[in-house]
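K.L.:
Now for the letters of each chain:
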Amino acid sequence: MNKFAIIGIVLVAILTGGFIYKQSTDTDNCSADNGKDVAFTVYSKKLEWKFEPESISVKKCDRVSLTVINEDNFDHGVAIDAFGISQRLPANGTINIDFVASKEGEFPFYCSVSCSTSENPSFGLKNGKVETGTYAGTVRGHFEQIGKFIVTLVNGTTN
Amino acid sequence: MTKLVLKVKGMHCASCAILIDKLLIKQAGVIAVSTSYGAQKVALEFDEAKISLEQIDAFVNKLGYDVIRPDEASNSIEEEEAAEENELRLAKRRVVAAFAIASPIIAYYMGVHMFNLPHVHQIWGIDLNYIYWILSTPIQFVIAWPFYRNAYSAIRIGAANMDVLVVLGTTAAYLYSMLGFLFFNIDHPFWESSAALISFILLGRYVEVVAKGRASSAIKELLKLEAKDAHVERDGKEVTILLEELIEGDIVIVKPGEKVPVDGTIIEGETHIDEKVVTGESFPVKRKSGDEVIGATVNLEGRFKFKATKVGKDTLLNQIVRMVEEAQAKRAPVQDLVDKVSEYFVPVVVILSVLTFVGWVFIADLPVKAGMLRMIAVLVISCPCAMGLATPTALVVGIGRAAKFGIILKGGEALEKAYKVNTVALDKTGTLTIGKPIVTDFVLLDESVREEDMAILAASAEMGSEHPLARAVIEHGKKFGGVGEIKKFEGIQGMGIRADIAYNKKSYNVVIGNMMYMKQLKIDAQIYIKKLETLQEQAKTVVFLLVNNKPIALIAMADTLKPYAKEAIAELKKMGKKVIMITGDNEKTARAIAREVGIDDILAEVLPQDKAATVKKLQSEGRNVAMVGDGINDSPALAQANLGIAIGSGSDVAIETGEIILVKDDLRDVAIAMQLSRKTIVKVWQNLFWAFFYNVAAIPVAAGAHLLITQVSFGIAAPWIIAIQQNYGAIGQIFYNISQATLRPEIAGFAMAFSSVSVVANSMTLRSYVPPAEKESRRVEALKKKAPTLEIKK
Numbered sequence: 001m002n003k004f005a006i007i008g009i010v011l012v013a014i015l016t017g018g019f020i021y022k023q024s025t026d027t028d029n030c031s032a033d034n035g036k037d038v039a040f041t042v043y044s045k046k047l048e049w050k051f052e053p054e055s056i057s058v059k060k061c062d063r064v065s066l067t068v069i070n071e072d073n074f075d076h077g078v079a080i081d082a083f084g085i086s087q088r089l090p091a092n093g094t095i096n097i098d099f100v101a102s103k104e105g106e107f108p109f110y111c112s113v114s115c116s117t118s119e120n121p122s123f124g125l126k127n128g129k130v131e132t133g134t135y136a137g138t139v140r141g142h143f144e145q146i147g148k149f150i151v152t153l154v155n156g157t158t159n
Numbered sequence: 001m002t003k004l005v006l007k008v009k010g011m012h013c014a015s016c017a018i019l020i021d022k023l024l025i026k027q028a029g030v031i032a033v034s035t036s037y038g039a040q041k042v043a044l045e046f047d048e049a050k051i052s053l054e055q056i057d058a059f060v061n062k063l064g065y066d067v068i069r070p071d072e073a074s075n076s077i078e079e080e081e082a083a084e085e086n087e088l089r090l091a092k093r094r095v096v097a098a099f100a101i102a103s104p105i106i107a108y109y110m111g112v113h114m115f116n117l118p119h120v121h122q123i124w125g126i127d128l129n130y131i132y133w134i135l136s137t138p139i140q141f142v143i144a145w146p147f148y149r150n151a152y153s154a155i156r157i158g159a160a161n162m163d164v165l166v167v168l169g170t171t172a173a174y175l176y177s178m179l180g181f182l183f184f185n186i187d188h189p190f191w192e193s194s195a196a197l198i199s200f201i202l203l204g205r206y207v208e209v210v211a212k213g214r215a216s217s218a219i220k221e222l223l224k225l226e227a228k229d230a231h232v233e234r235d236g237k238e239v240t241i242l243l244e245e246l247i248e249g250d251i252v253i254v255k256p257g258e259k260v261p262v263d264g265t266i267i268e269g270e271t272h273i274d275e276k277v278v279t280g281e282s283f284p285v286k287r288k289s290g291d292e293v294i295g296a297t298v299n300l301e302g303r304f305k306f307k308a309t310k311v312g313k314d315t316l317l318n319q320i321v322r323m324v325e326e327a328q329a330k331r332a333p334v335q336d337l338v339d340k341v342s343e344y345f346v347p348v349v350v351i352l353s354v355l356t357f358v359g360w361v362f363i364a365d366l367p368v369k370a371g372m373l374r375m376i377a378v379l380v381i382s383c384p385c386a387m388g389l390a391t392p393t394a395l396v397v398g399i400g401r402a403a404k405f406g407i408i409l410k411g412g413e414a415l416e417k418a419y420k421v422n423t424v425a426l427d428k429t430g431t432l433t434i435g436k437p438i439v440t441d442f443v444l445l446d447e448s449v450r451e452e453d454m455a456i457l458a459a460s461a462e463m464g465s466e467h468p469l470a471r472a473v474i475e476h477g478k479k480f481g482g483v484g485e486i487k488k489f490e491g492i493q494g495m496g497i498r499a500d501i502a503y504n505k506k507s508y509n510v511v512i513g514n515m516m517y518m519k520q521l522k523i524d525a526q527i528y529i530k531k532l533e534t535l536q537e538q539a540k541t542v543v544f545l546l547v548n549n550k551p552i553a554l555i556a557m558a559d560t561l562k563p564y565a566k567e568a569i570a571e572l573k574k575m576g577k578k579v580i581m582i583t584g585d586n587e588k589t590a591r592a593i594a595r596e597v598g599i600d601d602i603l604a605e606v607l608p609q610d611k612a613a614t615v616k617k618l619q620s621e622g623r624n625v626a627m628v629g630d631g632i633n634d635s636p637a638l639a640q641a642n643l644g645i646a647i648g649s650g651s652d653v654a655i656e657t658g659e660i661i662l663v664k665d666d667l668r669d670v671a672i673a674m675q676l677s678r679k680t681i682v683k684v685w686q687n688l689f690w691a692f693f694y695n696v697a698a699i700p701v702a703a704g705a706h707l708l709i710t711q712v713s714f715g716i717a718a719p720w721i722i723a724i725q726q727n728y729g730a731i732g733q734i735f736y737n738i739s740q741a742t743l744r745p746e747i748a749g750f751a752m753a754f755s756s757v758s759v760v761a762n763s764m765t766l767r768s769y770v771p772p773a774e775k776e777s778r779r780v781e782a783l784k785k786k787a788p789t790l791e792i793k794k
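Residue numbers (the working numbering), protein chains in the order written: chain Y, 1 to 159; chain B, 1 to 794.
Since the hints were derived computationally from the structure, they do not count as laboratory data. Computed from a prediction, not measured in an experiment: that's the story for all the values here. Just to be clear, a hint being listed does not mean it is correct.
Stated by the list, open to error - With a straight-line cut-off of 20 Å between C-alpha atoms, the simulated SDA-like cross-links for lysine to any residue are:
no., chain 1, residue 1, chain 2, residue 2
1, Y, K3, B, A718
2, B, K369, Y, F19
3, Y, K103, B, P367
4, Y, K22, B, K369
5, Y, K22, B, L355
6, Y, K103, B, L708
7, Y, K103, Y, G35
8, B, K369, Y, L15
9, B, K369, Y, I97
10, Y, K22, B, A718
11, Y, K148, B, A718
12, Y, K22, B, P719
13, Y, K22, B, I351
14, Y, K59, B, P719
15, Y, K103, B, V368
16, Y, K148, B, I722
17, Y, K148, B, Q711
18, Y, K3, B, P367
19, Y, K148, B, A717
20, Y, K3, B, I351
21, Y, K148, B, P719
22, Y, K3, B, K369
23, B, K369, Y, S102
24, Y, K103, B, G359
25, Y, K22, B, A364
26, Y, K3, B, I716
27, Y, K148, B, I716
28, Y, K3, B, I25
29, Y, K3, B, K26
Said to hold, decoys possible - A partial selection of chain Y residues facing chain B, derived with a Cβ cut-off under 10 Å:
no., residue
30, K3
31, G18
32, S86
33, V113
What the hints assert, rightly or not - Reference listing, derived: stretches of chain Y covered by chain B, where coverage requires no fewer than 3 residues with Cβ under 8 Å from a Cβ of chain B:
no., stretch
34, 40 to 51
35, 55 to 62
Built from N, CA and C at the ideal position, the CB exists for glycine as well.
Sequences and hints are given; from them, build the entire structure.
P.N.:
Below is the structure:
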């Protein structure tokens with residue numbers, strides 16, 4: 001038999017197998033009636049390398065709508081690995097992210113593009129120190145811009 | 001049936017060679033095909049009644065390559081070089097263009113990712129992604145066009161080569177970036193993946209072209225040695241003609257300092273010739289009337305005439321070139337393994353990449369985009385190019401290096417066999433010894449005479465004889481200059497000769513003969529018996545010289561060792577090889593020679609037809625035997641042995657049969673050939689290890705499989721990673737960052753290009769091999785230079 005035909009069959013089998021696996025193990029049970037619509041507005045604070053709020057709590061299966069606003073003159077990103085979210089947050093831009101919180105747990109919610117640090121003198125710092133804000137005097141940057149996205153179980157329901 | 005070795009153009013990856021082999025052999029009339037990517041050549045055997053060379057050429061053209069047929073071949077080295085230079089220039093231009101266009105993208109992403117600079121995706125209100133889109137499009141579809149072309153031809157004929165992988169990986173990256181940017185607001189477009197990856201692969205291939213050019217430079221250097229023209233005698237006049245016009249039988253005149261144009265036999269004059277270029281022999285050799293001369297060697301002093309016996313493609317130089325070419329085009333058995341792996345590699349990788357996608361999307365329940373990212377990384381990382389380069393580059397360099405020392409290895413198989421040999425069997429006569437007797441001792445029995453006069457008398461008398469031993473006495477006498485005239489000559493069968501010689505205006509009666517003859521002549525020889533027996537014990541043939549019926553001298557003759565035979569045996573022993581001498585001679589003679597040369601094991605009185613059986617017996621004892629021989633009678637043994645090594649001065653049959661040919665008559669080359677083989681094979685395995693290790697290790701990382709152990713949940717590092725991060729300072733932080741990241745496609749591309757380059761560079765180090773003898777002489781030279789300064793210090 002043609003080599004490509006064999007490969008093709010194997011690939012289709014893998015994809016089908018994966019799909020069936022997902023269907024059979026899909027325990028999220030997040031249908032339209034066991035979640036509610038929740039909306040949050042998150043700011044990436046100007047020259048602070050910090051999301052505000054830093055912690056977001058939702059119930060499992062909630063349909064989350066995040067509005068993220070970038071106050072900086074450079075790009076950030078928003079990523080939550082557990083939900084496969086990784087979006088560009090353009091300089092001084094606003095983006096909307098909609099998803100269903102289908103997994104339970106506490107997940108990092110972080111900036112996904114390298115966005116430098118406050119040590120970099122190109123950011124309007126004076127004498128190497130941040131002029132204003134909560135974090136004046138401390139060095140903050142890409143690795144500090146992490147928040148928490150907490151998904152808890154809805155009371156009384158078990159999955 | 002036709003056998004040809006032809007140049008192939010357009011091969012850019014080891015997969016191409018496999019492709020040509022696999023498809024050409026399926027053609028009716030093609031009997032054998034062996035394509036070498038390293039040498040850029042194909043060794044073809046086909047039935048011309050069934051398929052013409054033009055048809056083969058057309059077929060190969062369809063695959064995207066070009067076979068250079070002999071009728072279209074540009075034999076001139078200049079044209080060959082110009083073509084190669086052109087290829088090099090085109091490859092270079094492609095690389096330069098790719099890097100010129102890709103550099104803003106590469107610089108931006110390197111700055112952002114390696115130095116953590118902020119993402120600034122806008123300049124003067126224009127989103128930089130548009131600029132990257134515009135820049136990467138020509139790289140992807142114009143500069144990388146050959147990848148598409150080759151991938152297409154490979155797929156069309158049912159094969160999947162490395163180009164398929166490049167096309168899959170980069171196209172996926174390009175489309176992902178474009179669609180993601182335009183429609184999905186992705187945070188990481190892969191502009192740099194397609195641009196940088198293509199640039200680096202092109203760079204890798206450029207380095208390969210350079211390397212291949214260097215690897216075949218040994219041959220080119222050989223061909224450059226040929227003279228351009230020749231002076232010949234035509235109608236009694238000396239005319240200068242082009243080398244191509246020279247025909248067999250021409251009388252060629254060579255002046256001092258000129259190159260000998262072709263092979264032939266001297267008919268007039270004598271000279272010293274530097275034969276280094278062909279034989280590797282470093283000392284000039286004396287050549288006189290009747291001696292053979294080799295084309296491309298340099299005439300150092302005298303003017304001489306010779307008759308051309310071999311011209312054009314038949315000259316020794318051209319034969320050597322052809323043998324090296326064939327050797328480089330032949331495949332080593334280890335390559336079969338590599339080919340098998342490469343052939344299955346592409347489909348396995350495609351399946352693995354889809355498995356990766358399924359794992360992330362269906363099992364880890366992530367969106368399609370996250371799965372795509374890792375799938376692309378797997379496709380990019382797994383290019384089997386380094387693996388395909390591992391064997392050919394090492395073999396080509398190893399064989400080329402050996403040729404430089406005058407050692408012709410007939411293919412990679414010879415290398416591999418030489419590496420395995422543990423026993424070296426040597427033929428005695430002609431291999432260990434010169435093969436013709438010379439006078440070793442001239443023992444005067446009468447102190448009142450001058451030795452030179454007696455030697456001249458003996459030589460003069462022997463001139464009438466056709467006995468093989470006579471030659472030795474004549475050569476010996478010649479050393480003293482002067483010769484007598486034979487007045488009367490008589491040969492007595494099985495005993496000796498008797499002659500009357502006029503020398504220095506006097507007449508002498510000279511008798512040369514054995515003990516039996518002495519008895520018949522009633523000469524009392526018993527008083528000399530002790531001297532005689534001492535010489536005989538050394539395996540020498542001894543005769544009496546009587547002048548005017550008076551015993552004057554004992555002449556002892558023996559076959560002598562070749563220069564460096566002792567050193568060669570010592571070197572082989574040092575390498576841990578068992579050395580055995582096989583000879584048809586009697587035990588006593590064999591012992592004497594063996595003792596002198598340092599061989600412990602001998603097999604004497606072996607009839608020529610039994611030599612092969614003797615080798616077979618050694619093999620049945622579990623030995624891996626290399627047979628070194630020169631004569632027609634050695635050929636069956638050469639063929640029977642695991643490795644046949646033929647001495648270049650030997651018969652054509654032996655050279656045909658041998659797998660290794662030693663062009664110069666130096667036994668040390670046996671050791672050099674084995675050392676070089678070992679080094680080459682070790683290099684092959686090193687290269688294979690690195691290439692395999694690289695692919696095997698990198699694929700799971702590209703797939704993100706390492707996250708299974710470095711993370712406990714999505715984006716949450718495992719406790720052991722956190723422990724390292726907290727306890728090992730900056731290094732801990734770096735480890736943490738690496739462990740949490742997936743191998744991004746552009747890093748994968750860089751690593752892949754790097755691995756190809758490192759494999760080629762590793763092979764190139766073979767060029768630095770220096771044989772032990774040369775090392776020693778260099779050391780002595782260095783000491784000599786140092787010595788005076790040491791004395792001054794004192």
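K.L.:
State for each hint whether it applies.
P.N.:
Hints, verified against the model:
1. About 41 Å separates the Cα atoms of K3 of chain Y and A718 of chain B, which puts this hinted pair outside 20 Å; it is violated.
2. Restraint check for K369 of chain B and F19 of chain Y: satisfied, since their Cα atoms lie roughly 16 Å apart, inside the 20 Å limit.
3. The straight-line distance between the Cα atoms of K103 of chain Y and P367 of chain B is roughly 13 Å, inside the 20 Å bound, and the hint therefore holds.
4. Of the pairs offered as hints, the one joining K22 of chain Y and K369 of chain B holds, with about 17 Å between alpha carbons and a cut-off of 20 Å not exceeded.
5. For a cut-off of 20 Å, the pair hint linking K22 of chain Y to L355 of chain B stands: about 14 Å separates their Cα positions.
6. Proposed proximity of K103 of chain Y and L708 of chain B is supported: the alpha carbons are some 18 Å apart, at most 20 Å.
7. For the hint pairing K103 of chain Y with G35 of chain Y, the CA-to-CA distance comes to about 13 Å; that is within 20 Å, so the pair holds.
8. Our distance criterion of 20 Å between C-alpha atoms is met by K369 of chain B and L15 of chain Y, whose separation comes to about 16 Å.
9. Simply put, K369 of chain B and I97 of chain Y have alpha-carbon atoms about 15 Å apart, close enough for the 20 Å limit, and the pair holds.
10. With a C-alpha separation of about 25 Å, the suggested pair K22 of chain Y and A718 of chain B falls outside the 20 Å cut-off, and the hint is violated.
11. Proximity of K148 of chain Y to A718 of chain B is assessed by CA-CA distance (about 17 Å); at most 20 Å being required, the pair is judged to hold.
12. Restraint check: the Cα-Cα separation between K22 of chain Y and P719 of chain B comes to about 28 Å, which exceeds 20 Å; the hinted pair is violated.
13. Between the alpha carbons of K22 of chain Y and I351 of chain B the distance comes to roughly 19 Å, so the proposed pair stays at or under 20 Å and holds.
14. Among the hinted pairs, K59 of chain Y with P719 of chain B is inconsistent with the structure: their alpha-carbon atoms are about 27 Å apart, more than 20 Å.
15. A C-alpha spacing of about 17 Å is found between K103 of chain Y and V368 of chain B, which places the hinted pair at or below 20 Å, so the restraint holds.
16. With a CA separation close to 18 Å, the supplied pair K148 of chain Y and I722 of chain B stays within the 20 Å bound.
17. The straight-line distance between the Cα atoms of K148 of chain Y and Q711 of chain B is roughly 16 Å, inside the 20 Å bound, and the hint therefore holds.
18. Straight-line distance between C-alpha atoms of K3 of chain Y and P367 of chain B comes to about 31 Å, which puts the hinted pair past the 20 Å bound.
19. With a C-alpha separation of about 14 Å, the suggested pair K148 of chain Y and A717 of chain B falls inside the 20 Å cut-off, and the hint holds.
20. For the proposed pair K3 of chain Y and I351 of chain B, the alpha carbon gap of about 13 Å is at most 20 Å, so the pair holds.
21. The straight-line distance between the Cα atoms of K148 of chain Y and P719 of chain B is roughly 18 Å, inside the 20 Å bound, and the hint therefore holds.
22. Under the criterion of a C-alpha separation no larger than 20 Å, the hint pairing K3 of chain Y with K369 of chain B is inconsistent with the structure, at around 29 Å.
23. Proposed proximity of K369 of chain B and S102 of chain Y is supported: the alpha carbons are some 17 Å apart, at most 20 Å.
24. With a C-alpha separation of about 17 Å, the suggested pair K103 of chain Y and G359 of chain B falls inside the 20 Å cut-off, and the hint holds.
25. Using a Cα cut-off of 20 Å, the hinted pair K22 of chain Y and A364 of chain B holds, with the two alpha carbons roughly 9 Å apart.
26. Distance hint between K3 of chain Y and I716 of chain B is unfulfilled; the C-alpha atoms sit about 41 Å from each other, more than 20 Å.
27. Under the criterion of a C-alpha separation no larger than 20 Å, the hint pairing K148 of chain Y with I716 of chain B is consistent with the structure, at around 11 Å.
28. Taking the CA atoms of K3 of chain Y and I25 of chain B, the gap is near 18 Å; set against the 20 Å cutoff, the hint holds.
29. Restraint check: the Cα-Cα separation between K3 of chain Y and K26 of chain B comes to about 17 Å, which is no more than 20 Å; the hinted pair holds.
30. Annotation: interface hint on K3 of chain Y holds; nearest CB of chain B at approximately 6 Å, less than 10 Å.
31. Look at G18 of chain Y: its Cβ gets to within about 3 Å of chain B, closer than 10 Å, so that hint holds up.
32. Annotation: interface hint on S86 of chain Y holds; nearest CB of chain B at approximately 5 Å, less than 10 Å.
33. Checking V113 of chain Y against chain B: minimum C-beta separation of about 5 Å stays under 10 Å; hint holds.
34. Chain B is given as covering the stretch 40 to 51 of chain Y, and this is violated because 0 residues of the stretch bring a CB closer than 8 Å to a CB of that chain, at least three being needed.
35. Counting residues of the stretch 55 to 62 of chain Y whose CB lies closer than 8 Å to any CB of chain B gives 0, which falls below the minimum of 3, so the coverage claim is violated.
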